[in-house]
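Counting with the working numbering, you get residues 14 to 185 for the letters of the sequence shown.
Hints should not be assumed to be uniformly reliable.
Capping the alpha-carbon separation at 20 angstroms, the derived lysine to any residue pairs in SDA-like fashion look like this [stated by the list, open to error]: (1) LYS153 to PHE169; (2) LYS42 to ALA65; (3) LYS75 to ARG96; (4) LYS153 to ALA164; (5) LYS75 to LYS118; (6) LYS75 to SER48; (7) LYS118 to SER48; (8) LYS153 to ALA105; (9) LYS153 to GLN172; (10) LYS75 to ALA60; (11) LYS118 to ALA137; (12) LYS118 to PHE138; (13) LYS118 to THR92; (14) LYS118 to PHE97; (15) LYS118 to SER161; (16) LYS75 to THR54; (17) LYS75 to GLU59; (18) LYS118 to THR166; (19) LYS75 to ALA51; (20) LYS75 to PHE49; (21) LYS75 to ALA137; (22) LYS75 to GLY122; (23) LYS75 to ARG41; (24) LYS153 to ASN141.
Honestly, the hints are just simulated from the structure, not real lab data.
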Amino acid sequence: QGRDDDGKARYWAGENVDITIPGEISMRKDTTALSFAANVTSITGEATSNLAYATTSTNLYKVDQAGTITSIGAHGLGTSPARFGLVSDGMARYMSSSAVSKVRKEVGGVFSDFNATNGVDTLAFVNNTLYGYANTGGSKGNLFRFSSAGAATSVFVWQGADGANSTNEAKL
14 QGRDDDGKAR
24 YWAGENVDIT
34 IPGEISMRKD
44 TTALSFAANV
54 TSITGEATSN
64 LAYATTSTNL
74 YKVDQAGTIT
84 SIGAHGLGTS
94 PARFGLVSDG
104 MARYMSSSAV
114 SKVRKEVGGV
124 FSDFNATNGV
134 DTLAFVNNTL
144 YGYANTGGSK
154 GNLFRFSSAG
164 AATSVFVWQG
174 ADGANSTNEA
184 KL
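Generate coordinates for the entire structure from the input sequences, incorporating the hints supplied.
See the structure below:
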């Protein structure tokens, strides 16, 4: 809390208290604890709909603003999506893990293989393009760009001094 006179007068911690405006204090809305049927492996937000999406080892879920959790269904990836292996482009959700060689796509509750040869651990949707990075597996160290049809093109490969693919310094 601080030992000086100024520090003693400051508000330091609390629950549902908003002190972002200097000199003002207000109550925030209550927060809701979410409980899924299984451990969540990845989560992403969707700015166009204000929804959040989360995956478990088998299912994809939608979370609305009220905190209501709705199962969209089994994602069919065959493993848990990687921690950063879920992203939305505003219309579809994409999920992957380098433990399997595919990227799955969900639109309106229908799941399909978007790419059946390049599993990645990190997905990002930037400037109308889906990118993926593989931390492990046969594509280790590869940054991929996926076409709208799902074809993967290696954009860059991180390598160590020995020329072997490396993930030591690579971050997406």
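Results of checking the hints against the structure:
no., hint, verdict
1, LYS153 to PHE169, "holds, 11 angstroms"
2, LYS42 to ALA65, "holds, 18 angstroms"
3, LYS75 to ARG96, "holds, 17 angstroms"
4, LYS153 to ALA164, "holds, 18 angstroms"
5, LYS75 to LYS118, "holds, 15 angstroms"
6, LYS75 to SER48, "holds, 12 angstroms"
7, LYS118 to SER48, "violated, 24 angstroms"
8, LYS153 to ALA105, "violated, 26 angstroms"
9, LYS153 to GLN172, "holds, 10 angstroms"
10, LYS75 to ALA60, "holds, 13 angstroms"
11, LYS118 to ALA137, "holds, 14 angstroms"
12, LYS118 to PHE138, "holds, 13 angstroms"
13, LYS118 to THR92, "holds, 15 angstroms"
14, LYS118 to PHE97, "holds, 15 angstroms"
15, LYS118 to SER161, "holds, 12 angstroms"
16, LYS75 to THR54, "holds, 14 angstroms"
17, LYS75 to GLU59, "holds, 10 angstroms"
18, LYS118 to THR166, "holds, 18 angstroms"
19, LYS75 to ALA51, "holds, 14 angstroms"
20, LYS75 to PHE49, "holds, 11 angstroms"
21, LYS75 to ALA137, "holds, 19 angstroms"
22, LYS75 to GLY122, "holds, 11 angstroms"
23, LYS75 to ARG41, "violated, 24 angstroms"
24, LYS153 to ASN141, "violated, 24 angstroms"
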